[in-house]
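Participant: Listed below are the residues making up each chain.
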Amino acid sequence: MRHTISVLVENKFGVLSRISGLFSGRGYNIESLSVGETIDPQISIMTIVTTGDDQIIEQITKQLNKLIDVIKVVDFMEVDHVEREMVLVKVAPKKEDKTEVLRLAEIFRGRIVDSGPKTFTIEITGDEKKIEAFVELMKGYGIKEFVRTGKVAMAREGVKKA
Amino acid sequence: MKKSGAEILVECLKREGVKHIFGYPGGVVLNIFDTLYDEKDIKLILTRHEQGAVHAADGYARASGKVGVAIVTSGPGATNTVTGIANASMDSVPIVVFSGQVPTMLIGNDAFQEADIVGITRPCTKYNYLVKDINDLAKTVREAFYIASTGRPGPVLIDLPKDVTAGKTDFIWPQHIQIRSYNPTYEGNKWMIKQAAHEIARAKKPVIMAGGGVILSGASKELKELAEFMDIPVTMTLMGLGGFPGTHNLSLGMLGMHGTYYANMAVQNADLLIGIGVRFDDRVTGKTASFAPNAKIVHIDIDPTSIRKNVRVDVPVVGDVKLVLKEILKILKEEVGKEQWSAIRKSWLKQMEQWKKERPLTYRYDEKIIKPEFVIEKIYELTKGNAIICTEVGQNQMWAAQFYKYDKPRRFLSSGGLGTMGFGFPAAIGAQFACPNDLVIDIAGDGSIQMNIQELATAVINKLPVKVAILNNHYLGMVRQWQELFFRERYSHTYLDVVPDFVKVAEAYNAVGLRATKPEEVEPVLREALKVKDKPVFMDFVVDWREKVYPMVPAGASIDEMLFEEEKKEEKKVRAVK
Ligand SMILES: Cc1ncc(C[n+]2csc(CCOP(=O)(O)OP(=O)(O)O)c2C)c(N)n1
Ligand SMILES: [Mg+2]
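Chains Z and B supply the protein sequences, listed in that same order.
Numbered per this note's numbering, the first sequence spans residues 48 to 209.
Numbered per this note's numbering, the second sequence spans residues 268 to 845.
Don't read these hints as lab results, they were simulated from the structure.
Just so it is clear, the structure is predicted and the values come from calculations on it, not from any experiment.
Treat the hints with care, as some may be off.
To be verified - Straight-line C-alpha distance at most 35 Å; calculated DSBU-like pairs for lysine-lysine: (1) B:LYS576 to Z:LYS109; (2) Z:LYS59 to B:LYS399; (3) B:LYS333 to Z:LYS119; (4) Z:LYS113 to B:LYS554; (5) Z:LYS113 to B:LYS597; (6) B:LYS593 to Z:LYS109; (7) Z:LYS59 to B:LYS563; (8) B:LYS617 to B:LYS461; (9) Z:LYS109 to B:LYS471; (10) B:LYS286 to Z:LYS59; (11) B:LYS675 to Z:LYS109; (12) B:LYS457 to Z:LYS109; (13) Z:LYS113 to B:LYS491; (14) B:LYS576 to Z:LYS176; (15) B:LYS563 to Z:LYS109; (16) Z:LYS113 to B:LYS333; (17) B:LYS563 to Z:LYS113.
Required output: the full structure, derived from the provided sequences and hints.
Facilitator: Laid out in structure tokens, this is it:
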């Protein structure tokens with residue numbers, strides 16, 4: 048099962064390596080990891096996407112909690128939440144496909160953030176499904192470059208899954 | 268008045284109640300060593316290797332329950348501590364290691380004797396620090412001792428750049444420490460405790476499996492009370508030995524790979540297994556799929572990651588073992604009557620006696636050649652079970668666990684999790700400093716003792732009467748045993764062709780060296796050794812190299828699939844051990 052886990056940590060040097068070291072040392076998987084400061088500059092938040100069966104995920108959250116610098120761990124599997132990720136896709140469509148690519152970008156509420164004589168760079172934000180769907184479509188038109196931020200997630204206000 | 272970083276450090280150590288530090292000097296810790304030179308309240312003990320210093324601090328902590336301290340220099344000094352730190356980490360031993368570091372402005376430059384020791388020890392410390400600002404020093408030391416000794420204890424390393432110990436600032440002792448992200452759970456969840464108590468009250472065939480957590484939490488009294496009140500037999504892991512009296516009727520001794528027949532049978536046939544301060548290590552469980560197949564499992568431990576890591580658990584209780592046991596006892600005493608339980612338990616306890624009779628711990632005594640088990644038995648007899656026993660790793664360790672009975676906690680100091688050859692002797696030195704009036708004996712192998720043999724100098728200079736009983740089989744015996752049983756007797760690189768003359772080695776260091784080559788010499792040698800009060804003694808017991816540790820659960824098998832010593836010629840007496 049794939050889980051999105053957010054980890055509130057002390058913003059100190061070495062913390063990222065403590066977290067990544069925990070995953071590599073114990074053979075857990077990291078699919079994506081994004082880190083940034085919170086409003087309180089002493090605290091950072093990491094969003095980690097990982098996979099594992101229930102027992103592994105239980106271990107991962109417990110092991111994260113055990114790290115001295117970790118303040119809080121939330122497994123979003125247990126919480127109703129919003130998830131977002133951003134990708135930049137540079138496509139080089141054939142002349143006759145250009146309008147179609149622009150139209151698709153519009154349907155997916157993408158933005159053209161750069162364009163050259165042969166390429167468009169499209170920014171797409173959304174949840175995983177939306178991004179996967181868009182990338183799948185673009186593959187047919189020739190993706191030149193591709194970069195993604197990794198997921199971030201936040202609990203919805205007031206609603207909790209049982 | 269401003270103080271130097273070194274002075275602040277020493278002042279902090281005094282306030283933490285540190286009396287002994289094990290260390291080794293070098294360029295970047297000169298300031299610290301210089302400050303310690305005049306210090307009356309703290310004794311620095313110079314070991315002969317940094318690994319020895321950390322194991323000594325570890326042994327000191329295990330024997331006393333206090334935080335052990337070591338100080339070493341940067342680079343090679345720091346890297347030499349890694350085995351010791353990993354060893355303490357695996358066995359949850361509270362130690363604080365200070366390593367010198369190159370000046371802050373040189374960090375990252377591959378400066379002379381620079382090593383990224385914080386990076387290197389990150390996975391094997393409970394926490395570690397690089398102090399970059401002298402104003403953080405006092406707070407860091409305070410935090411380090413707090414983290415090392417609370418919750419599930421463990422090693423903490425503080426890396427001290429030279430300019431930090433050389434610089435000056437005002438000394439401010441933080442009165443309180445509060446780490447918002449570190450709050451160990453001591454009180455168990457009330458509901459879970461109730462569940463656990465009810466499972467215990469309902470069980471017909473319960474077994475307690477006690478681990479190192481019982482000793483760390485100081486819960487021996489509560490454990491004994493629970494076992495006696497409910498008539499529950501108790502087995503112990505290697506780390507748990509002494510947590511429950513080994514001579515008690517309800518004791519089943521150690522379980523697992525080299526556990527007793529009755530302990531393993533009890534676990535495999537129990538309807539309730541109560542794991543207390545254990546982590547269900549693979550040396551204990553064997554094949555987990557068939558471990559305690561008929562039992563519900565109650566697991567009490569302060570570390571939530573221990574729970575459900577290796578085995579399924581029906582009732583998890585996260586909390587301090589002592590506090591949780593107290594609560595459980597309270598509920599049981601309110602709700603059940605003693606008589607009622609004694610009756611129900613009778614047939615289960617009878618089964619224990621049956622198993623004990625069926626296959627007691629035995630070895631084949633021989634009149635011509637010294638059996639290693641015989642040596643341990645004699646040590647037990649002559650010390651009346653009152654010594655602090657350290658061990659090395661290998662067969663010597665297992666025999667020390669099987670044939671010596673530990674009635675009190677902190678009397679059996681052994682490298683459990685990491686299995687570090689070379690641990691026992693420096694740990695014995697540390698234990699002797701912690702308990703100067705106790706008899707400290709290291710039960711050693713001829714291979715292991717050579718891994719930190721240089722610490723003889725430390726013991727001699729400090730007039731420590733540490734005894735080392737070398738079970739000299741001229742082999743890396745435990746590995747040889749595996750080769751004999753599973754590798755068609757192909758003894759690849761386990762024969763120690765050249766074993767030094769341990770008597771001469773001892774004498775070369777101005778210690779006492781004794782040797783026994785025949786069974787009748789064992790007792791006189793031991794008696795002679797016990798007389799020595801101001802020097803370490805090496806006892807070289809030339810033992811039967813063919814001897815193997817039994818019972819044995821082969822790797823990957825269930826713990827009731829034990830191998831036993833094959834029954835051979837009947838002229839050799841089989842000696843049962845009481
Ligand atoms: C530092 C280290 N290296 C290797 C091992 C693997 N090992 C486990 S037991 C053993 C043999 C120990 O030999 P000895 O000290 O003579 O003890 P014996 O088994 O003969 O009693 C070895 C090599 C280890 N545990 N620790
Ligand atoms: Mg040997």
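Participant: Evaluate each hint against the coordinates.
Facilitator: Comparing the hints with the structure gives:
{"no.": "1", "hint": "B:LYS576 to Z:LYS109", "result": "10 Å, holds"}
{"no.": "2", "hint": "Z:LYS59 to B:LYS399", "result": "12 Å, holds"}
{"no.": "3", "hint": "B:LYS333 to Z:LYS119", "result": "30 Å, holds"}
{"no.": "4", "hint": "Z:LYS113 to B:LYS554", "result": "27 Å, holds"}
{"no.": "5", "hint": "Z:LYS113 to B:LYS597", "result": "30 Å, holds"}
{"no.": "6", "hint": "B:LYS593 to Z:LYS109", "result": "26 Å, holds"}
{"no.": "7", "hint": "Z:LYS59 to B:LYS563", "result": "43 Å, violated"}
{"no.": "8", "hint": "B:LYS617 to B:LYS461", "result": "29 Å, holds"}
{"no.": "9", "hint": "Z:LYS109 to B:LYS471", "result": "33 Å, holds"}
{"no.": "10", "hint": "B:LYS286 to Z:LYS59", "result": "32 Å, holds"}
{"no.": "11", "hint": "B:LYS675 to Z:LYS109", "result": "33 Å, holds"}
{"no.": "12", "hint": "B:LYS457 to Z:LYS109", "result": "20 Å, holds"}
{"no.": "13", "hint": "Z:LYS113 to B:LYS491", "result": "30 Å, holds"}
{"no.": "14", "hint": "B:LYS576 to Z:LYS176", "result": "33 Å, holds"}
{"no.": "15", "hint": "B:LYS563 to Z:LYS109", "result": "23 Å, holds"}
{"no.": "16", "hint": "Z:LYS113 to B:LYS333", "result": "23 Å, holds"}
{"no.": "17", "hint": "B:LYS563 to Z:LYS113", "result": "27 Å, holds"}
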